[in-house]
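Given the sequences, and given the hints that come with them, work out the whole structure.
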Amino acid sequence: MAEGQSRGGLRALEIAALVLVALASVAAGVVHYLGAPSLVAFSIAALALAGLAWTVSFATEQVGERFGPAVTGLLQSTLGNLPEFFVVLFALSAGEVVIAQTSLIGSVLANALLVLGLAMVAGSFRSEGKVMSFGRRLPNDTATLLLVAVFIIALIGVSVAADNGAARHVKAISVIGAICLLGVYLTWLVPYLRSDREHSRGQARLGFGSAATILLAAGIGAAFVSDWFVAELRPTIDRFGISAAFAGIVIVAIAGNAVENVVGVTLAWKRQHDLAISVIKNSVSQVAAFLFPLLVLCSLAFAQPLTFSIAPVFIVALLLTAIAVWQITGDGEGTIFEGVALVALYIILAAVTLYD
Amino acid sequence: MAEGQSRGGLRALEIAALVLVALASVAAGVVHYLGAPSLVAFSIAALALAGLAWTVSFATEQVGERFGPAVTGLLQSTLGNLPEFFVVLFALSAGEVVIAQTSLIGSVLANALLVLGLAMVAGSFRSEGKVMSFGRRLPNDTATLLLVAVFIIALIGVSVAADNGAARHVKAISVIGAICLLGVYLTWLVPYLRSDREHSRGQARLGFGSAATILLAAGIGAAFVSDWFVAELRPTIDRFGISAAFAGIVIVAIAGNAVENVVGVTLAWKRQHDLAISVIKNSVSQVAAFLFPLLVLCSLAFAQPLTFSIAPVFIVALLLTAIAVWQITGDGEGTIFEGVALVALYIILAAVTLYD
Amino acid sequence: MAEGQSRGGLRALEIAALVLVALASVAAGVVHYLGAPSLVAFSIAALALAGLAWTVSFATEQVGERFGPAVTGLLQSTLGNLPEFFVVLFALSAGEVVIAQTSLIGSVLANALLVLGLAMVAGSFRSEGKVMSFGRRLPNDTATLLLVAVFIIALIGVSVAADNGAARHVKAISVIGAICLLGVYLTWLVPYLRSDREHSRGQARLGFGSAATILLAAGIGAAFVSDWFVAELRPTIDRFGISAAFAGIVIVAIAGNAVENVVGVTLAWKRQHDLAISVIKNSVSQVAAFLFPLLVLCSLAFAQPLTFSIAPVFIVALLLTAIAVWQITGDGEGTIFEGVALVALYIILAAVTLYD
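Chains as they are written, first to last, in our numbering: chain A, 1 to 356; chain B, 357 to 712; chain C, 713 to 1068.
Derived by calculation from the structure, the hints in this document are not laboratory data.
Keep in mind the model is a prediction, meaning the values are calculated, not measured.
Quick partial rundown of chain B residues pointing at chain C, CB under 8 Å, derived from the structure:
#1 V669
#2 I692
#3 A697
#4 I703
#5 D712
Heads up, the beta-carbon is just placed ideally off N, CA and C, and yes, glycines get one too.
Now the structure itself:
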């Protein structure tokens, strides 16, 4: 694309998409307050949420194009997790602790298994020798962050199962664990961002002011739509007899991560392997090592706090996911087979959750 | 060995061995139908089974010598697993689900720990600097396949332990898991075989027709002898007060894998490190990611189906074996110490199973 | 430091320290037999124990300075573990099995997480590009040794939880496991020591005779002080309402490893990365794969034997520690973030144990 043209503003398709997202968000509010059937209201809210996540991601890309893949990937996944943050917050305030927890865990697992797997299939398929290459540092750092999160979760889980003294202090241990996890995440984040010295790729087609305005609007929209989404989720679940765990692990996780999904896979397809891995891996470690502990601390204000005490099946799933993803991506190479293996793990997990 | 001589046919020792195997197979049938004491009948059947596995492996080598180590190793372990396949099938049809499961798991563990360990001790001992080298790709791919299998088994195991909804749908989840696992295995297998472009090593001493005839005869023999072996196993176990788990994990696993054992260790001793690792690793991943899911699907026809729901002690053993074998072989180097560590793991496992 | 001066004998500070340690050891005996308040007697014994461990380490360094980092690191951690050995032995003879076990496990975890973490923070902070480098072989060998120990512990743990046949033979399985673990450790140790061909660094300031005398005196002192330390531990625990697990995992582990702590971190700060890693890693693998199985065998003489059957929370902690430490150090590189992650794991573990 020519420099002159690319600075000239948004393309017609992009403008249409932004308008559609705005309309969907308004529609989600209208059907919510008019008391439409829960499935309709829920579906529109889910679509609007995915659209808002895309809007945030798009605006971030415009702001972030002066940075390298590390900062842009981080910004995109941070702000892209904004809807997720609101969904969990509203679920907690509505007393839906299982949905809050499973949507966080589902977000980690969907990104680490489904999205990463699809991106590796796409990236390897389009690479010479069917092997995609990427930097080894980020996958290994993500594995470290995931293992710290799993450590807290597994120790609390085994204490609860043994019903020992620690089981009666899950809240206190969760707070200590949350502070440790946030500390580790920030220690990682600062040098990671500093290392990103790549120059602007000069493709921003929106001024900083316009991009920031869109970001702000999308953020406020995400807060409202998340509220409606959570409010419609419970009646929808009850109506269709879905387990709360399946709703959190699969439906909320996929709706809330639709953007990372599409962006990550598209980037891999375009052979931008490092950027694809950056978007997906940052999303995984951010939810596990930033959003989760942050929400544990925020939830101290609620009647039913969020803790790191989760169902055994998800403890095992998180542990094995951390190990498998490290094993597969730690060498900085990906193949179609490895991508398929990750997707298979997600299907197996979804099947187990479906019957839960 | 001289080219002229080597093409001239089988050596006397090989002919004698083939005759012995045929005699042992016939003898196994005779003592079975004559109602000889179970220990005698069982021992002869076990010997005949090991001999048939060797015959299959030998004939495959003659057929396979025009290929590289990847295809030959795969062929040998595939056809070498034929007796294993029949043993599990007959055990299932006789309602011996524990023996069927433990002999599959035992086959994975015996190959991954005992045989690999012995091969690494032999290979390192005979290598310069006491360090043997081999390709890193296969050990890492095997680790991925094992982790997918462990993922299914562990999630089902923890669901059964928690007695949640998923525990009542173990059969359905096992079928989904089996299909996923087979899909991952085939996605791995196709490019793996394509990558094997090595030329013929020109040592085949048997025509294709003769080798194929031997293969067919050995295959049919394996089916019959497996039936007698399983039939004599139960009375032998009861007579000696051995646990079914020990019988499956140690006795059936070692009898059924006698050939991989001898072939793998011999190849390592002859400094053919990559071929040795190929035979052993292929056998491991094949049983875990091909034979096990295939038998889960086949067993749908039986009254007592085979599922991925196994005893907790074997879930933990499989998980730790997958991790330890990856840790030890993932770097493409092996030492005597590492081989001894793998053998020690197998001895510990056998000790735990003995008292089970 | 000048050669002439350095060979001239000990520095004033070192002599003062040795005198202080001797005084603290005598004081520990005096307050113990005079029946001083338990906290006072316990604190003095803990200080004396840490001092004795330093003395052992110091004298070893004088003896060991003619060797390379492998032998010196090993000698220091072996003799530095002498107080630990006596503490566990006296705890066992006093029937305090939980304290004996948790102080062994705590020693592994404190070294592998807290000390290694602090050393990595110090070493990375002072390295170019904030990344410290060290040999990959030792971290990977330590991971193998830890995994073998975890294998025994986890299989026994899951058998006890399932209350199957193996649960009634924990002692017999522990003895078999201890013999296997010792065999693996020795197989590793012999070539490891042989590989250490580095020349003398010529800094010994004590004759062999003097150093050996100090070593002997410190060893005998450690035996006595350990006895008093264990005797005062129980009343101190009861008085302050601390759990026995916390006492073992945190207090005994840190007091018993004060030296590895200071030595390891100081060496890392001085940019002697390989020596720092050698001291710490050898201490970890030695307690897990030498001291623990040795004490299991020694304890056969006691009424209440030491076995590998430990509380589930420590099984999970050991497994995840083995995996995390391997993941973080297996690549031969360390960063501040990785060091902080290890320290965070220790804080989380201490928090869980505190409430146990």
